[in-house]
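Asks: Protein chains in written order, with my numbering: chain E, 1 to 273; chain H, 1 to 273; chain Z, 1 to 273; chain A, 1 to 237; chain F, 1 to 237; chain C, 1 to 237.
These are calculated hints, taken from the structure and not from any lab test. All figures in this text were calculated on a predicted structure; none of them were measured in a lab. Idealized CB from N, CA, C, for every residue including glycine. Hints are not guaranteed to be accurate.
Quick list of simulated restraints, FRET-style, between CB atoms [what the hints assert, rightly or not]:
#, chain 1, residue 1, chain 2, residue 2, range
1, E, E42, F, E55, 39 to 45 Å
2, E, D230, A, M149, 53 to 59 Å
3, C, Q8, Z, E214, 17 to 23 Å
4, Z, N231, F, Q81, 34 to 40 Å
5, C, L61, E, D29, 30 to 36 Å
6, E, D230, C, Q172, 22 to 28 Å
7, C, R114, Z, R31, 51 to 57 Å
8, H, D124, E, V180, 32 to 38 Å
9, H, D59, F, E55, 50 to 56 Å
10, C, Q172, E, D79, 52 to 58 Å
11, A, P22, H, D124, 38 to 44 Å
12, F, E55, C, H60, 20 to 26 Å
13, H, A182, F, G16, 31 to 37 Å
14, E, P95, H, I10, 31 to 37 Å
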Amino acid sequence: MSLSRRSFVIERLRKERLLSLLAKGHRLDDRGLLDYRPVKIETNVIDKAEGSAKVDLGDTSVIAGVKVELDRPFKDTPDKGILIVNTEFLPFASPYIEPGPPDENAIELARVVDRGIRESGMVDLSKLAVKPGEQVYAIFADVDVLNIDGNLFDATSYAVVSALATAKIPEYEVDGDGTVKATGNIVQLPITTIPISITAAKIGDYIVFDPTEEEEAVIDTRLTIVFSEDNTLCAIQKGEPGSWTPDEIVNLIGEADGKAREIREIVKRSISP
Amino acid sequence: MSLSRRSFVIERLRKERLLSLLAKGHRLDDRGLLDYRPVKIETNVIDKAEGSAKVDLGDTSVIAGVKVELDRPFKDTPDKGILIVNTEFLPFASPYIEPGPPDENAIELARVVDRGIRESGMVDLSKLAVKPGEQVYAIFADVDVLNIDGNLFDATSYAVVSALATAKIPEYEVDGDGTVKATGNIVQLPITTIPISITAAKIGDYIVFDPTEEEEAVIDTRLTIVFSEDNTLCAIQKGEPGSWTPDEIVNLIGEADGKAREIREIVKRSISP
Amino acid sequence: MSLSRRSFVIERLRKERLLSLLAKGHRLDDRGLLDYRPVKIETNVIDKAEGSAKVDLGDTSVIAGVKVELDRPFKDTPDKGILIVNTEFLPFASPYIEPGPPDENAIELARVVDRGIRESGMVDLSKLAVKPGEQVYAIFADVDVLNIDGNLFDATSYAVVSALATAKIPEYEVDGDGTVKATGNIVQLPITTIPISITAAKIGDYIVFDPTEEEEAVIDTRLTIVFSEDNTLCAIQKGEPGSWTPDEIVNLIGEADGKAREIREIVKRSISP
Amino acid sequence: MGKLVDEQGRRVDGRGLNEMRPVKIEVGVLKNADGSAYIEHGKNKIIVAVYGPKEVHPRHLALPDRMFIRCRYHMSPFSVQERKSPQPSRREIELSKVIREALEAAIMIEEYPRTALDIFIEVLESDGGSRGASITAASVALANAGIPMRDMVASCAVGKIDGHIVLDLNDQEDKEGEVDLPVAYMPNLNRITLLQMDGKLLHEEFDRALDLAVHGCEQIYGIQRSALQDYYFKQDR
Amino acid sequence: MGKLVDEQGRRVDGRGLNEMRPVKIEVGVLKNADGSAYIEHGKNKIIVAVYGPKEVHPRHLALPDRMFIRCRYHMSPFSVQERKSPQPSRREIELSKVIREALEAAIMIEEYPRTALDIFIEVLESDGGSRGASITAASVALANAGIPMRDMVASCAVGKIDGHIVLDLNDQEDKEGEVDLPVAYMPNLNRITLLQMDGKLLHEEFDRALDLAVHGCEQIYGIQRSALQDYYFKQDR
Amino acid sequence: MGKLVDEQGRRVDGRGLNEMRPVKIEVGVLKNADGSAYIEHGKNKIIVAVYGPKEVHPRHLALPDRMFIRCRYHMSPFSVQERKSPQPSRREIELSKVIREALEAAIMIEEYPRTALDIFIEVLESDGGSRGASITAASVALANAGIPMRDMVASCAVGKIDGHIVLDLNDQEDKEGEVDLPVAYMPNLNRITLLQMDGKLLHEEFDRALDLAVHGCEQIYGIQRSALQDYYFKQDR
């Protein structure tokens with residue numbers, strides 16, 4: 001599925017209106033420039049998935065499901081489990097979606113969400129090699145984008161993080177004779193941290209957090225930053241044509257860090273048993 | 001290959017003409033409403049296939065070829081052979097065919113024909129596990145649709161049934177040390193019954209059997225019923241928009257059962273050695 | 001990638017102009033009818049490839065890279081290595097290229113170049129079965145077409161021949177216990193001959209060698225002949241609609257043989273260490 | 001293979017032979033779609049959304065005398081026991097076709113010539129009878145989108161397990177039972193718009209099964225109506 | 001590898017060196033196509049059908065000064081020893097191109113500008129020389145469709161086996177022999193429209209082989225003419 | 001894992017922490033393209049070619065207020081240690097997007113409404129930092145094609161290896177190091193047009209790294225200018 005383009009005249013009028021609002025410190029939905037929309041997270045929504053979470057970020061709605069299989073490890077990481085993030089824009093998620101395989105937007109989304117989680121070390125993949133070199137856990141985190149109203153990066157990241165953090169997987173052990181078998185126990189994934197993605201957008205000279213679809217249609221540029229719990233940045237992705245000064249970026253990261261701490265509390269509350 | 005659409009004005013005129021004929025108990029080709037066109041079956045037409053049959057149902061013409069290989073069984077049926085039906089609308093079969101992979105019509109055709117044969121138990125797949133869990137017969141029944149003049153479901157079903165019933169396959173056995181090898185004998189497939197597909201269509205208030213292409217272009221709805229030899233129905237598929245009352249269906253099945261017995265005699269005669 | 005079509009009016013005017021030149025024994029670039037453009041070959045241009053060569057034939061420019069892996073042999077040649085030639089028209093090679101997988105032109109190009117090399121016996125594949133039936137060398141010769149100005153068959157053939165002739169591959173041996181391992185030595189491929197491809201085109205009644213893009217746009221027909229070093233022809237491919245008399249072909253092969261000997265000297269000089 | 005029906009006529013999940021699993025329908029669950037519905041039928045969890053009537057792209061697909069209806073039935077990778085590839089399978093392509101035909105029978109397609117209507121079905125979690133639940137929910141989503149219809153289409157399956165004709169097969173019954181017979185039905189018009197069967201039935205068994213299916217669809221129709229009433233009257237919009 | 005030619009110059013199927021396999025052509029075998037032909041050449045069984053001249057879709061492919069010719073050479077899954085995937089292979093794509101070019105040389109493409117012609121070739125059973133048999137049959141199908149042509153195109157292969165130049169290789173000779181050299185030829189115009197070769201030939205051998213191929217094509221031409229005459233005169237239509 | 005930085009602050013290839021690999025740019029290397037450049041940055045060998053401004057096909061993709069820019073970043077099968085399939089990978093699709101966005105920021109797209117511009121990047125040999133080298137060369141190719149730009153875009157990466165923030169990672173450092181942080185920068189406008197990161201950095205480390213990247217880009221800019229001057233003035237055209 002891919003996103004097609006929209007009307008340009010309407011975009012231009014909307015941008016003017018938005019800029020005049022921003023000049024007064026307002027947004028179209030009355031939020032402050034650095035406010036997030038309400039974040040609503042429901043976990044364990046799909047019984048057949050080992051982990052799952054539905055995230056509503058305003059009217060943006062995504063659902064992540066985690067499936068776990070045993071598989072051969074990748075050649076270059078024989079002693080690590082496998083984590084694969086895949087996203088699909090469901091065709092009903094927006095009137096602007098075109099049929100077909102994931103386009104560059106869906107692929108970028110999946111890869112950026114994957115990097116934030118992978119680089120934070122959230123899931124300790126080195127603990128997921130059941131029989132190193134031969135059988136490891138392969139974790140598929142599939143995301144269905146249900147309704148698009150902007151800021152898919154953050155909503156998708158929160159959904160995958162929540163689904164992984166609440167997943168329950170079968171435990172395996174290696175027999176004396178080297179065969180892999182289920183112990184019958186159900187265990188949690190080895191989770192070490194809760195990474196939080198924060199996305200900002202620049203419209204004219206204004207910077208806003210958590211842009212809606214209406215805002216994204218007119219933004220100049222975007223920056224997504226993922227924060228780990230140990231005071232580090234673990235992934236960044238600039239998006240859209242448009243540019244940032246180095247100073248803007250340095251300042252923005254400071255602001256975003258604070259916001260990440262707020263959101264992390266919401267996520268943690270939602271995933272606690 | 002897929003079928004594209006045709007002229008609507010012509011369809012409407014044709015439907016009016018057809019309805020006035022049906023009111024008098026006639027069809028465009030002078031058949032009675034419940035008559036089939038001549039069924040012509042030739043078997044063993046392709047030397048390189050283990051089984052083959054060409055079926056002409058009026059001007060509808062299809063050819064089925066059966067190839068047999070050894071393969072690993074499906075995970076959930078380790079002690080059964082594999083049967084796969086695949087259909088291709090050859091691009092010359094009709095002026096309305098568009099290039100490309102099998103479309104929904106070709107896929108539905110293959111799946112409905114497959115279901116009728118599979119559910120009837122025609123081929124006893126439990127006898128086709130050469131070495132259960134490891135090596136089983138995989139039977140590919142590929143169908144080329146050569147010329148389209150309506151009622152592909154029945155023509156295709158008769159062709160696959162005839163090709164399977166007359167197929168000759170190499171016999172395999174398992175050695176003392178567990179290796180699978182050919183005995184050198186050529187044997188028949190384990191055939192238990194001859195399922196017969198009957199297709200009816202409703203045009204206005206009239207029900208006809210074995211619709212031609214001209215009739216299919218204007219029918220309201222269609223029903224394909226597959227009968228096994230033991231007085232059972234083994235598959236049904238309603239097709240096309242349009243609808244049936246429950247009573248219509250119950251009555252139709254009675255009529256179709258009689259017709260199936262007639263056609264089964266024709267098929268049996270064609271496949272007897 | 002595929003080539004799209006060009007303007008017809010311009011083609012017709014160009015053909016008239018070209019024919020009047022040919023009548024005087026000239027071509028658009030001042031060559032004689034049977035002259036080749038300068039052939040420039042650079043080898044070992046890609047460090048990460050086991051062999052590589054960039055060929056410029058006038059403004060036609062291609063680069064071939066050879067990668068070597070161990071792989072299972074093909075079923076019907078268990079005691080031979082594998083050679084696969086693949087060509088890609090890079091999208092910048094011409095303004096007339098359309099995006100997508102290799103089209104019939106790229107596939108024909110790869111297959112004709114492959115046949116010339118394979119049938120000449122240039123690479124002795126029987127010496128490339130490290131462990132017959134189990135592990136053999138698989139040689140991938142990938143060609144990027146960088147800039148198209150006619151006669152891709154010859155340019156591509158020279159590039160693949162030069163890359164193969166200069167490739168250095170790791171040597172493997174089979175242990176006492178049957179495992180395949182690298183000896184640490186780097187060796188040459190077993191090269192037995194240098195096949196040379198010669199391409200002629202007919203425009204009206206004139207025959208030219210090494211046609212440019214401008215000429216190819218208006219030719220009637222084409223003939224590519226590959227010569228081995230032992231006075232044999234080893235591959236032929238007629239191309240384009242249009243036709244040859246048997247006598248034209250017999251005469252042409254005589255002329256082309258002489259030209260092949262000239263070009264072979266250039267290739268040999270370029271690949272000598 | 002366990003026994004699917006015990007001596008008391010109880011099924012593996014405790015239901016009687018003619019008893020339906022719990023069904024819950026929510027209307028208008030997606031913001032962007034023109035109409036939508038969410039259904040839980042047993043463990044099936046399915047979202048259906050409708051876009052249209054709208055312009056047809058590419059234009060040559062437009063039909064001069066009626067609406068052009070497209071339908072996609074799709075299963076999420078996590079909807080089944082073993083992860084499913086997101087590419088549409090042959091089964092999904094066939095079901096998209098028969099579901100579209102089952103719904104088209106009810107839609108007044110002649111009222112919107114040269115327009116298109118998209119019906120998107122996403123199975124988030126799959127249990128026995130997902131095609132029926134999809135049709136049931138799609139019919140509600142069409143109503144929510146304001147598409148004029150001759151009747152609602154209600155759908156459920158019947159089947160044969162351990163020799164009994166029963167209503168509404170769950171996953172285990174579907175896999176281990178003898179016959180699956182999904183039906184879609186327009187209750188006010190008394191018309192069947194989808195009928196498929198696989199497995200073996202005597203004629204007399206088929207007649208009973210069809211009758212039971214029609215009764216099941218009538219129950220489903222009641223649930224569809226309640227869901228729409230709750231949405232339009234309780235929410236007062 | 002058995003010997004392909006014995007001391008008496010007999011080949012594995014009993015033929016002499018310059019002897020063709022039996023060839024049988026039927027005209028007008030498909031109802032829907034504008035023209036069609038069925039050929040059995042040795043064990044090759046091939047249907048060719050032609051649609052056209054007709055409108056070009058999409059329109060931008062139309063050629064202002066001539067007919068646009070498309071050709072598909074395709075092998076059925078059951079046509080070969082090991083089942084073939086229905087997806088077109090690289091070999092099928094190349095053969096579609098060279099066959100199209102071999103036929104286009106004979107078609108009066110300039111008489112139908114802005115139209116399209118489709119030539120569809122289906123190999124139901126494959127033996128050595130299937131491309132030649134396809135061209136032979138396609139030429140007859142084009143005549144059956146009433147497409148104006150400068151000449152018939154007749155085609156067969158020659159080859160080298162056990163050191164002998166021979167006519168019309170069968171499957172075994174093709175696989176185990178040294179050279180395969182398919183030729184297509186317009187007999188009245190004395191012009192070659194397809195020429196391919198793989199394997200090694202001395203110049204003198206090539207000249208002899210080409211000469212033998214031309215004679216083979218002339219025989220094929222006779223069979224094409226008889227088939228058309230039988231169809232048009234005996235059937236009196 | 002070997003140590004990537006020794007006691008003297010030397011890296012595996014002998015460079016200092018803030019030292020760039022050798023960079024060589026050639027302008028106008030392809031005849032058919034409207035503009036082109038070839039770059040060797042370390043062992044990266046990359047050709048970039050530009051076609052445009054030109055008509056948009058299909059037309060509905062044309063933008064009424066600006067140029068429509070397409071970008072393809074592609075790696076040759078032989079460009080990496082293990083042969084790469086020619087089909088574009090998910091990584092190549094993402095890089096095509098971020099590179100396009102990094103360049104579009106500099107192009108005066110509003111000057112050519114309803115036109116298209118194609119930027120084709122082919123990585124013939126790949127080392128660490130291929131996306132940066134691609135952007136650097138693409139910017140030169142755009143200049144060579146005469147596309148009006150607000151500024152050049154220069155690009156390189158910084159990273160963290162063995163705890164040190166260093167400039168311009170090579171292949172080994174990229175694979176075995178802790179952080180990769182590619183940056184594209186418009187030197188005259190002081191603006192960042194590409195920024196990606198993976199790996200973990202403290203805020204203070206990030207600030208230093210970004211600063212080092214900007215300095216690296218300024219060096220690259222000097223090389224871009226020299227290459228263009230050499231081409232336009234020394235070659236006198």
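Asks: Against each hint, give a clear statement of whether it holds in the structure.
Replies: Now for the hints, and whether the structure bears them out:
no.	hint	in the structure
1	E:E42 <-> F:E55: 39 to 45 Å	violated (55 Å)
2	E:D230 <-> A:M149: 53 to 59 Å	holds (58 Å)
3	C:Q8 <-> Z:E214: 17 to 23 Å	violated (60 Å)
4	Z:N231 <-> F:Q81: 34 to 40 Å	holds (36 Å)
5	C:L61 <-> E:D29: 30 to 36 Å	holds (32 Å)
6	E:D230 <-> C:Q172: 22 to 28 Å	holds (27 Å)
7	C:R114 <-> Z:R31: 51 to 57 Å	violated (42 Å)
8	H:D124 <-> E:V180: 32 to 38 Å	holds (35 Å)
9	H:D59 <-> F:E55: 50 to 56 Å	violated (25 Å)
10	C:Q172 <-> E:D79: 52 to 58 Å	violated (20 Å)
11	A:P22 <-> H:D124: 38 to 44 Å	holds (40 Å)
12	F:E55 <-> C:H60: 20 to 26 Å	holds (23 Å)
13	H:A182 <-> F:G16: 31 to 37 Å	holds (35 Å)
14	E:P95 <-> H:I10: 31 to 37 Å	holds (35 Å)
Against the hints set out earlier in the document, violations occur for numbers 1, 3, 7, 9 and 10.
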